[in-house]
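Trainee: The listed protein sequences correspond, in order, to chains A, B and C. Residues are numbered in this note's numbering as their position in the first sequence, beginning at 1, plus a constant of 2. Residues are numbered in this note's numbering as their position in the second sequence, beginning at 1, plus a constant of 35. Residues are numbered in this note's numbering as their position in the third sequence, beginning at 1, plus a constant of 8.
Because the hints were derived from the structure by calculation, they are not lab data. It should be emphasised that the depicted structure is a prediction, and the values quoted were computed from it without experimental measurement. Treat the hints with care, as some may be off.
[Said to hold, decoys possible] Okay, derived cross-link-like pairs now, DSBU-like style, lysine-lysine, Cα gap no bigger than 35 angstroms in a straight line:
(1) B/Lys-142 - B/Lys-158
(2) B/Lys-154 - A/Lys-5
(3) B/Lys-154 - A/Lys-4
(4) B/Lys-142 - C/Lys-11
[Said to hold, decoys possible] Pair ranges (Cβ atoms, derived):
(5) C/Phe-99 - B/Glu-149: 54 to 62 angstroms
(6) C/Gly-147 - A/Phe-8: 52 to 60 angstroms
(7) B/Glu-148 - C/Ala-56: 44 to 52 angstroms
(8) A/Phe-10 - B/Pro-100: 31 to 39 angstroms
(9) A/Asp-68 - C/Leu-111: 17 to 25 angstroms
(10) C/Leu-121 - B/Val-95: 50 to 58 angstroms
(11) A/Asn-32 - C/Gly-147: 52 to 60 angstroms
[Claimed, not checked] Partial list, computed: chain A residues near chain C (C-beta under 8 angstroms):
(12) Phe-18
(13) Ser-22
(14) Ala-26
(15) Asp-29
(16) Glu-49
(17) Ala-53
(18) Leu-61
(19) Gly-66
(20) Gly-71
(21) Ile-76
(22) Leu-84
Yeah, the Cβ is synthetic: ideal placement off N, Cα and C, and Gly gets one too.
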Amino acid sequence: MKKVTFFFLMLMAVLFIFVSLDLAPTDDVNSPAATHVSPRYIEEAHEETGAANMVTAVLADYRGYDTLGETTVIFTAGIACLLILDVRQKQKW
Amino acid sequence: MLALTAGYINFWLIAILLLVGFYGIIATENLLKKLMALNVISVAIILFYLNLGQKAGGTVPILPPGVEAGVTEAYANPLPHTLMLTAIVVGVATTGVGLAMLRKIYKRYGSLEEPVVLKEMRK
Amino acid sequence: MQKRFGSSILDTAIRLLVPFYLLYAVYVLVHGHYSPGGGFQAGVVLAASIILVNMVQGEEITWGIKKQTAVILASLGTFIYAGIGFIALFFGGDFLNYGVLPLGDIEPEVRALGTLGIETGVTLGVMGTFIVIFNLLTGREE
């Protein structure tokens, strides 16, 4: 079983290397990730949101709705822990 | 060949890390080790995203004092940093949920080894 | 934590250390606009300082945040975040559009203040959740 797993993972490694050649190389200034939305963030974030830290500007202002979802996920994880471990079984209510 | 290696070696190392995580999930029988392997996969994906955001000659995406507007070529892409910042914290919280479930499983079946747990479940 | 981890030496040491952790967390939070930092990081530093007290002092903890308080803080943080979004709705903007809040005349500064508000919410939420998870995982079985 472990040999079969290992064989398939080697196959996946070959596939990953083959597919990675279609990506833009590391440090490429003209990669797709660096040319669509990020120039707007870098050039106008301070002017529009008043935060010199662009990560904060994107996190809390441009994508505030996304961060609201993440906060809700974290809160839900905490409540899930509480429900899994802290249930008192012999209580009336 | 050297240029090819320099541009893509990070992706290949990250792929190896991802496969180590996959191997851990498939081949180990201890549930705690499976959870650790899931975290390894999470780290691999975080590194992959951060790698996509790099630029040659780009510095951290924070404007120094007195600078009003950035130049695109001089700063790294802030978007992957933002997404992965939240992903790290969410990963810790979900790992906490996983550990809570493992503790419950250990309390009920007395073991975290998968064959033992499955045998106890069939009883 | 069920068993206490430290001796009286560690106990004295954290009494000196933890105030600086708390101060540093507040610095990370309020200076997040101009340096690396922000709500998530500040929340993690706060939670780490409280967890340190918890680990050293064990069950006979004399100061810190209890589990019940931490749950309330986590709820409060998420509520602050969503609440600021709804307040923006009441002042005529979109959900989570802080530019319309009545905090000043210059729009970028108003947005920065709104950002600080929601980062405070994120800080409380992350801190409360992490303390709850740690307390549950290391606590006594019910």
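Trainee: Would you mind marking each hint as holding or not holding in the structure?
Mentor: Going down the list of hints, with the structure as the test:
no., hint, verdict
1, B/Lys-142 - B/Lys-158, "16 angstroms, holds"
2, B/Lys-154 - A/Lys-5, "25 angstroms, holds"
3, B/Lys-154 - A/Lys-4, "21 angstroms, holds"
4, B/Lys-142 - C/Lys-11, "19 angstroms, holds"
5, C/Phe-99 - B/Glu-149: 54 to 62 angstroms, "55 angstroms, holds"
6, C/Gly-147 - A/Phe-8: 52 to 60 angstroms, "41 angstroms, violated"
7, B/Glu-148 - C/Ala-56: 44 to 52 angstroms, "32 angstroms, violated"
8, A/Phe-10 - B/Pro-100: 31 to 39 angstroms, "53 angstroms, violated"
9, A/Asp-68 - C/Leu-111: 17 to 25 angstroms, "23 angstroms, holds"
10, C/Leu-121 - B/Val-95: 50 to 58 angstroms, "24 angstroms, violated"
11, A/Asn-32 - C/Gly-147: 52 to 60 angstroms, "53 angstroms, holds"
12, Phe-18, "30 angstroms, violated"
13, Ser-22, "30 angstroms, violated"
14, Ala-26, "26 angstroms, violated"
15, Asp-29, "22 angstroms, violated"
16, Glu-49, "7 angstroms, holds"
17, Ala-53, "4 angstroms, holds"
18, Leu-61, "6 angstroms, holds"
19, Gly-66, "4 angstroms, holds"
20, Gly-71, "10 angstroms, violated"
21, Ile-76, "5 angstroms, holds"
22, Leu-84, "6 angstroms, holds"
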